[in-house]
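Trainee: Protein sequences, first through last, are from chains A and B. In terms of my numbering, the first sequence is numbered consecutively and its last residue is 674. In terms of my numbering, the second sequence is numbered consecutively and its last residue is 674.
The hints are simulated quantities; they were obtained by calculation from the structure and are not laboratory data. Treat the hints loosely; a few may be bogus.
For identical chains, the list gives no copy identity; a pair is met inside one copy or between any two copies.
Said to hold, decoys possible - Heads up, simulated SDA-like pairs for lysine to any residue below, C-alpha to C-alpha not over 20 Å straight-line:
#1 LYS374 x LYS388
#2 LYS503 x ILE299
#3 LYS543 x TYR558
#4 LYS466 x ILE444
#5 LYS668 x ILE424
#6 LYS668 x GLN425
#7 LYS321 x LEU423
#8 LYS466 x PHE440
#9 LYS330 x LEU373
#10 LYS321 x ILE424
#11 LYS507 x ILE299
#12 LYS543 x ILE557
#13 LYS388 x GLU243
All values derive from a computational prediction rather than experimental measurement.
There are 2 protein chains.
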Amino acid sequence: QRRSAITRTIIFVLSSEWSFLTVLGFLSAALFLTTEIAVDNILGGRLWILSALPNLSFLRLIVWTLYSLFFSIIARFCVEYISPFAAGSGIPEMKSILSGLKLKGYLSFDNLIAKIVGNVVAYCSDLSIGREGPYIMICGILANVLLKLDIFYRIRSDNSSKFQMLSAACAGGIATVFGSPVGGVLFSIEVTSTYYLIQNLTKSFLCAFCAAFFTSYIGNHGLLTPFVTHFDSKTFSNGKILSFIMLGVVCGVLGAFFVVAQDYVSKMRKKYFWLSKDRYKQVCIISIISSIFTYASFMPLHEGQFYTIRSMFSDTKLTEWERPSVYFNLIYFIIFKFFLTVVSIGLPVPCGLFVPVFVMGSAIGRLWGEVLSDLFPDMLITPGGFAVVGAAAMSAGTTRALSTCVIIFELTGQLVYMFPVLISVIVATAVGNLLSPSVYDKILESKG
Amino acid sequence: QRRSAITRTIIFVLSSEWSFLTVLGFLSAALFLTTEIAVDNILGGRLWILSALPNLSFLRLIVWTLYSLFFSIIARFCVEYISPFAAGSGIPEMKSILSGLKLKGYLSFDNLIAKIVGNVVAYCSDLSIGREGPYIMICGILANVLLKLDIFYRIRSDNSSKFQMLSAACAGGIATVFGSPVGGVLFSIEVTSTYYLIQNLTKSFLCAFCAAFFTSYIGNHGLLTPFVTHFDSKTFSNGKILSFIMLGVVCGVLGAFFVVAQDYVSKMRKKYFWLSKDRYKQVCIISIISSIFTYASFMPLHEGQFYTIRSMFSDTKLTEWERPSVYFNLIYFIIFKFFLTVVSIGLPVPCGLFVPVFVMGSAIGRLWGEVLSDLFPDMLITPGGFAVVGAAAMSAGTTRALSTCVIIFELTGQLVYMFPVLISVIVATAVGNLLSPSVYDKILESKG
Numbered sequence: 227q228r229r230s231a232i233t234r235t236i237i238f239v240l241s242s243e244w245s246f247l248t249v250l251g252f253l254s255a256a257l258f259l260t261t262e263i264a265v266d267n268i269l270g271g272r273l274w275i276l277s278a279l280p281n282l283s284f285l286r287l288i289v290w291t292l293y294s295l296f297f298s299i300i301a302r303f304c305v306e307y308i309s310p311f312a313a314g315s316g317i318p319e320m321k322s323i324l325s326g327l328k329l330k331g332y333l334s335f336d337n338l339i340a341k342i343v344g345n346v347v348a349y350c351s352d353l354s355i356g357r358e359g360p361y362i363m364i365c366g367i368l369a370n371v372l373l374k375l376d377i378f379y380r381i382r383s384d385n386s387s388k389f390q391m392l393s394a395a396c397a398g399g400i401a402t403v404f405g406s407p408v409g410g411v412l413f414s415i416e417v418t419s420t421y422y423l424i425q426n427l428t429k430s431f432l433c434a435f436c437a438a439f440f441t442s443y444i445g446n447h448g449l450l451t452p453f454v455t456h457f458d459s460k461t462f463s464n465g466k467i468l469s470f471i472m473l474g475v476v477c478g479v480l481g482a483f484f485v486v487a488q489d490y491v492s493k494m495r496k497k498y499f500w501l502s503k504d505r506y507k508q509v510c511i512i513s514i515i516s517s518i519f520t521y522a523s524f525m526p527l528h529e530g531q532f533y534t535i536r537s538m539f540s541d542t543k544l545t546e547w548e549r550p551s552v553y554f555n556l557i558y559f560i561i562f563k564f565f566l567t568v569v570s571i572g573l574p575v576p577c578g579l580f581v582p583v584f585v586m587g588s589a590i591g592r593l594w595g596e597v598l599s600d601l602f603p604d605m606l607i608t609p610g611g612f613a614v615v616g617a618a619a620m621s622a623g624t625t626r627a628l629s630t631c632v633i634i635f636e637l638t639g640q641l642v643y644m645f646p647v648l649i650s651v652i653v654a655t656a657v658g659n660l661l662s663p664s665v666y667d668k669i670l671e672s673k674g
Numbered sequence: 227q228r229r230s231a232i233t234r235t236i237i238f239v240l241s242s243e244w245s246f247l248t249v250l251g252f253l254s255a256a257l258f259l260t261t262e263i264a265v266d267n268i269l270g271g272r273l274w275i276l277s278a279l280p281n282l283s284f285l286r287l288i289v290w291t292l293y294s295l296f297f298s299i300i301a302r303f304c305v306e307y308i309s310p311f312a313a314g315s316g317i318p319e320m321k322s323i324l325s326g327l328k329l330k331g332y333l334s335f336d337n338l339i340a341k342i343v344g345n346v347v348a349y350c351s352d353l354s355i356g357r358e359g360p361y362i363m364i365c366g367i368l369a370n371v372l373l374k375l376d377i378f379y380r381i382r383s384d385n386s387s388k389f390q391m392l393s394a395a396c397a398g399g400i401a402t403v404f405g406s407p408v409g410g411v412l413f414s415i416e417v418t419s420t421y422y423l424i425q426n427l428t429k430s431f432l433c434a435f436c437a438a439f440f441t442s443y444i445g446n447h448g449l450l451t452p453f454v455t456h457f458d459s460k461t462f463s464n465g466k467i468l469s470f471i472m473l474g475v476v477c478g479v480l481g482a483f484f485v486v487a488q489d490y491v492s493k494m495r496k497k498y499f500w501l502s503k504d505r506y507k508q509v510c511i512i513s514i515i516s517s518i519f520t521y522a523s524f525m526p527l528h529e530g531q532f533y534t535i536r537s538m539f540s541d542t543k544l545t546e547w548e549r550p551s552v553y554f555n556l557i558y559f560i561i562f563k564f565f566l567t568v569v570s571i572g573l574p575v576p577c578g579l580f581v582p583v584f585v586m587g588s589a590i591g592r593l594w595g596e597v598l599s600d601l602f603p604d605m606l607i608t609p610g611g612f613a614v615v616g617a618a619a620m621s622a623g624t625t626r627a628l629s630t631c632v633i634i635f636e637l638t639g640q641l642v643y644m645f646p647v648l649i650s651v652i653v654a655t656a657v658g659n660l661l662s663p664s665v666y667d668k669i670l671e672s673k674g
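The whole structure should be built from the sequences, with the hints applied where relevant.
Mentor: Here it is, written out as structure tokens:
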């Protein structure tokens, strides 16, 4: 059959890479907002049940824990019965796929469903995990599924173009979850590439922009700065600069320790048969511990990780953390969070590690800021600013991605702490690199 | 001779890549601040002479023009007698060098002197040129010269390490001039690489950070946001988003037109013998035209390009541009600036093109904002915000570097216009790419 010139032009435009990336960004955003609604409903349901219960702390704790337990079991169920490839973060696997390895099953539709459902329920189950890792993979699978449409035949048949789309999809995934288009592109490049073809950059940017834009536009989030800060613009004294460098060193060391610790846990899991076999038991035990920690602490941890980050970043006093004392609570939180994250991210459920590490970093920074502000009251320290710097440094110390600094600028919507963030991120990355490989490389290595 | 363990450790640390990059960043910052002092003195000298003259407009204009002419001749002199390699921006040559080509003479000490002196005097001579291109090259040569020191023998003898240092030096150069560490790294990657080894990123970041930090620290610039803006945070209506996209299209087309026009001018220069021979005459004629344009316009252009950018970005009315009318002045400025920049950047003196293009873009955006705000008074348009978007879009339309968006965030210290800047930068890059290669690639191509 013959087509008119206009029809052909329209088809040509619609079947182009640009149209593909716009659609992909839109789908990624729509999917993410849908999962957000699911998360809100599941967590809201728990609060509703709790409010209907008699006012007995112990009963409430049990219901809370059982509720989480139920969802953590579903998460494990998704991996066991829908797709075994859905376990873990997915970033190391995406790196392998983008470097040319053919990992069968990872980009399948089954895995898409398992990742989406599994990550939502796991996230709702109080486990100390994040959403960004699975979402990179989800967006990659979305791209792969979308490519099967007839209209994108031109892209599908060109292998190099197909790879570029997958790489752009990673940027889109990160940009959707964080709402940080520029940081998303850079982070995805750092964690999934060894060599990067600069020519791809425009495509990754387009996909990331569309993803972040539609998330913001449909979700009415406005400017997508979930942790908006309002610090004053200021110059930093030598003493402060030194303290930021020290924070960077501490976060670099802790980041490397985190990498080594999670590797040790994953080795233990392989070594001891009862651990490697009883996967449900593992998930259940850790879910129960996490729930108790989350519900029974003095601090309002049950409000979620994002709430904790906002408290840390605030420029007011941590009134909710004062019982029994801010120092005690922060140290208690950091130690528990570290332990729980180390054991959680290796669980056979879809889980990322960025957000828990980020939360931990914000608490470390806040603690450092509170200590300094008590020791040197005339230095006029803003502990919230130290929390921002700590979050960036700890994330960099673990993932070794310098783009965490861009992500944090986009998350807070401020550039006031540009120099401290940069210096501590560079120091943390350097110190971390001296002590261990990045967490993603270590996972890849241990998977062989 | 035998050395103690401590001495050996110290030497090992001092001779490392990290120490090299820190020193390089420091030297780059120190050198830049020195040239800043020179620029200030030369421009201040002109104002001093003018203030000593009797109040006759015509006499003042002649003195102003002669003063500029003198320095433009010195600039040409530097290229002719110190190093012929100092002409032009240096970015295309750095790209060749980083891709493995051995361009003899470009990284020599002679060229360093010619570039530094030549660029300072050319910048002071009212020519419509910038400083970022030559400064990339200057920082590259600094790295090359520094590598000749005995202590850096380890780096020098390892070819791959040497290339990484040169690549990091490019990032340092941009970061020094713009004061934007993150944007500097990204911009340097985009304009000098085809493939980028992600592993280098930490090194480039370190060098860029040190350069920007020391520039800020020694120069007491505070947070290094030369064009700080104070726009309110807001969401953007559909109409505004559409107008930003249109601005992106316009800037993309104009950017491509700029690339083609400068290529045409450079072809004319080669074709006509009298143009290619009489290089002093060319420099003199264009310098005189530029001076008259700068001094005799109704707007305060003699305050320099940075002053113009600040006026464009301001959220108040353009009171200094109202005689005879803001529209007339903006259109007159854009046309003249376009013409002068096209003929200036091909002159055989050390000159970059980013700043003039950036200024042009800010004026285009401001014009667009003023028009919209007159046409649709109830859309509550901030013309200054449009100027920010226009500056980013026009720079992207010409250089095709998406990192202009990061540079503009760091220059203005605000992320409020993140979405508009991103969308117009992507659109401008895409439209530009449809119509022509990037300006640096075009120059490289025409040089063969």
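Trainee: Now tell me, hint by hint, if it's right for this structure.
Mentor: Going through the hints against the structure:
Taking identical chains as interchangeable, the C-alpha atoms of LYS374 and LYS388 lie at most 20 Å apart only when both belong to the same chain, with a minimum of 11 Å there against 45 Å between chains. Proximity of LYS503 to ILE299 under the C-alpha cut-off of 20 Å is restricted to the intra-copy arrangement: shortest distance 15 Å within a copy versus 81 Å between copies. Proximity of LYS543 to TYR558 under the C-alpha cut-off of 20 Å is restricted to the intra-copy arrangement: shortest distance 18 Å within a copy versus 55 Å between copies. Taking the closest pair of Cα atoms, LYS466 and ILE444 come within 20 Å of each other only across two copies (17 Å); inside a single copy the shortest separation is 41 Å, beyond that limit.
Proximity of LYS668 to ILE424 under the C-alpha cut-off of 20 Å is restricted to the inter-copy arrangement: shortest distance 17 Å between copies versus 26 Å within a copy. With identical chains, the CA atoms of LYS668 and GLN425 are at most 20 Å apart between copies only, with a shortest distance of 16 Å across copies and 29 Å within one. Taking CA atoms no more than 20 Å apart as the test, LYS321 paired with LEU423 passes in both settings, with 15 Å inside one copy and 15 Å between copies. For the homomeric pair LYS466 and PHE440, the shortest alpha-carbon distance between copies (16 Å) is at most 20 Å, but the shortest distance inside one copy (39 Å) is not.
For the homomeric pair LYS330 and LEU373, the shortest alpha-carbon distance inside one copy (16 Å) is at most 20 Å, but the shortest distance between copies (48 Å) is not. In this assembly of identical chains, LYS321 and ILE424 lie within 20 Å of each other by CA distance both inside one copy and across copies; the values are 17 Å within and 13 Å between. In this assembly of identical chains, the alpha carbons of LYS507 and ILE299 lie at most 20 Å apart only when taken from the same copy (9 Å versus 81 Å across copies). Proximity of LYS543 to ILE557 under the C-alpha cut-off of 20 Å is restricted to the intra-copy arrangement: shortest distance 17 Å within a copy versus 53 Å between copies.
With identical chains, the CA atoms of LYS388 and GLU243 are at most 20 Å apart within one copy only, with a shortest distance of 9 Å there and 37 Å across copies.
In the structure shown, no violation is registered for any of the earlier numbered hints.
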